[in-house]
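J.: Got chain A sorted already, so can you dock chain B onto it with the hints?
Protein sequence lines correspond, in order, to chains A and B.
All you need for our numbering is the position in the first sequence, starting with 1, plus 28.
All you need for our numbering is the position in the second sequence, starting with 1, plus 42.
Please keep in mind that the hints were generated in silico from the structure rather than gathered at the bench.
Remember, predicted model here, so these are calculated numbers, not experimental data.
Warning: the hint list may mix true and false statements.
Derived DEER-like restraints, expressed as beta-carbon distance ranges [claimed, not checked]:
#1 A/Glu100 to B/Arg89: 26 to 34 Å
#2 B/Val126 to A/His129: 34 to 42 Å
#3 A/Gly94 to B/Asp112: 39 to 47 Å
#4 A/Ala90 to B/Gly83: 45 to 53 Å
#5 A/Gln73 to B/Gly83: 43 to 51 Å
#6 A/Ser58 to B/Glu77: 32 to 40 Å
Sample of chain A residues lacking proximity to chain B, with all beta carbon distances greater than 12 Å (derived) [stated by the list, open to error]:
#7 Ala52
#8 Ser55
#9 Lys77
#10 Ala81
#11 Gly94
#12 Arg126
Where a beta carbon is used, it is the ideal one built from N, C-alpha and C, also for glycine.
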Amino acid sequence: MGRGRVEHVFDALGDPGRRSLVEAVSSRGSATATELAAGLPVTRQAVAKQLAALADAGLLRATRSGRETRYEVTPEPLGEAVAWMVAMGARWDERLDRLGHVLSKRPSKGKAAR
Amino acid sequence: MQIEREIVFPASPAEVWEALTEPERLEEWFATEVELDARPGGEGVFRWGDGEERRALVREAEPEERLVLDWEDEGQVVLELEEVDGGTRVRVVERSPDWSTALELHALAWVAVA
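So here's chain A without its partners, still in its complex pose (with noise of 0.2 Å):
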């Protein structure tokens, strides 16, 4: 992690539209170029070429899903600002795993069952 990887990750984060593209992709867990795609005013060819370079710069870890490479956020390089979405991700996906068996538990049909 010499001089090259720090002006590496800070020309990957110095372009709004990339470090946008990172916190998409930190929301969602992981994603790939066409789901980011699907959401924005650019061609998935483009939304393709940001995170190859993203991941050039250590910030995203591509791995291949049948077709299409799909990245996540690499926590190392963005310290507290990923930890913290990482964290919040996992507590709400508990949340609303848990929030999911408590509304199946009361199956309900218009009246409150009380």
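T.: Only chain B this time, still in chain A's reference frame:
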């Protein structure tokens, strides 16, 4: 920075709203001990088993549609409900206000190191 989750529960918006706003229901999935006055301007106190306590102010409360809590320490939770085929879609956004600040600080730190 923020995290987002979306999930469809096989329950009516009324049932989901009740689970999101009634203290005794919130204690089944969100926190261990809950006090909440789910009206705009109302206050909430949430306690967890590990001793964590968070206080909140109800910023918005549109029954069966939208609940926004401002955390006293900082940050915000937005819960949106939408009736869909087979149930209710719940969208959660939890925000911490220092996303850009955190990234800028990291970026500055990298510049300093370089």
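J.: Verify the CB-CB distance for A/Gln73 and B/Gly83 against the hinted window 43 to 51 Å.
T.: Holds: the Cβ-Cβ distance is about 49 Å, inside 43 to 51 Å.
J.: Quick check for students: does the CB of A/Ala81 sit more than 12 Å from each CB in chain B?
T.: Consistent with the label, A/Ala81 stays out of reach of chain B, its closest Cβ about 16 Å off (over 12 Å).
J.: Is A/Arg126 truly not at the interface, in the sense that its beta carbon sits beyond 12 Å from all beta carbons of chain B?
T.: A/Arg126 not clear of chain B: closest Cβ-Cβ about 4 Å, inside 12 Å.
J.: Quick check: does the Cβ-Cβ distance between A/Ala90 and B/Gly83 fall within 45 to 53 Å?
T.: 47 Å, holds
J.: Per the hint of 39 to 47 Å, is the separation of the Cβ atoms of A/Gly94 and B/Asp112 within bounds?
T.: 42 Å, holds
J.: Does A/Lys77 really sit off the interface, with its C-beta more than 12 Å from all C-beta atoms of chain B?
T.: 21 Å, holds
J.: Tell me if the beta carbons of A/Ser58 and B/Glu77 are separated by a distance inside 32 to 40 Å.
T.: Holds: the Cβ-Cβ distance is about 36 Å, inside 32 to 40 Å.
J.: Taking 26 to 34 Å as the hint, is the beta-carbon distance of A/Glu100 and B/Arg89 inside that range?
T.: 32 Å, holds
J.: Check the non-interface label on A/Gly94: least C-beta distance to chain B beyond 12 Å or not.
T.: Its Cβ never comes within 12 Å of chain B, the nearest being 22 Å, so this holds.
J.: Assuming the hint says 34 to 42 Å, is it satisfied by the Cβ distance from B/Val126 to A/His129 or not?
T.: With Cβ atoms ~20 Å apart, the hint is violated.
J.: Beyond 12 Å from every Cβ of chain B: is that where the Cβ of A/Ala52 lies?
T.: Non-interface label on A/Ala52 violated, nearest chain B Cβ at 9 Å vs cutoff 12 Å.
J.: Just checking, A/Ser55 versus chain B, shortest CB gap more than 12 Å?
T.: It is violated; A/Ser55 is separated from chain B by about 5 Å at its closest Cβ, not greater than 12 Å.
In terms of the numbered hints stated before, the structure departs from hints 2, 7, 8, 12, listed from lowest to highest.
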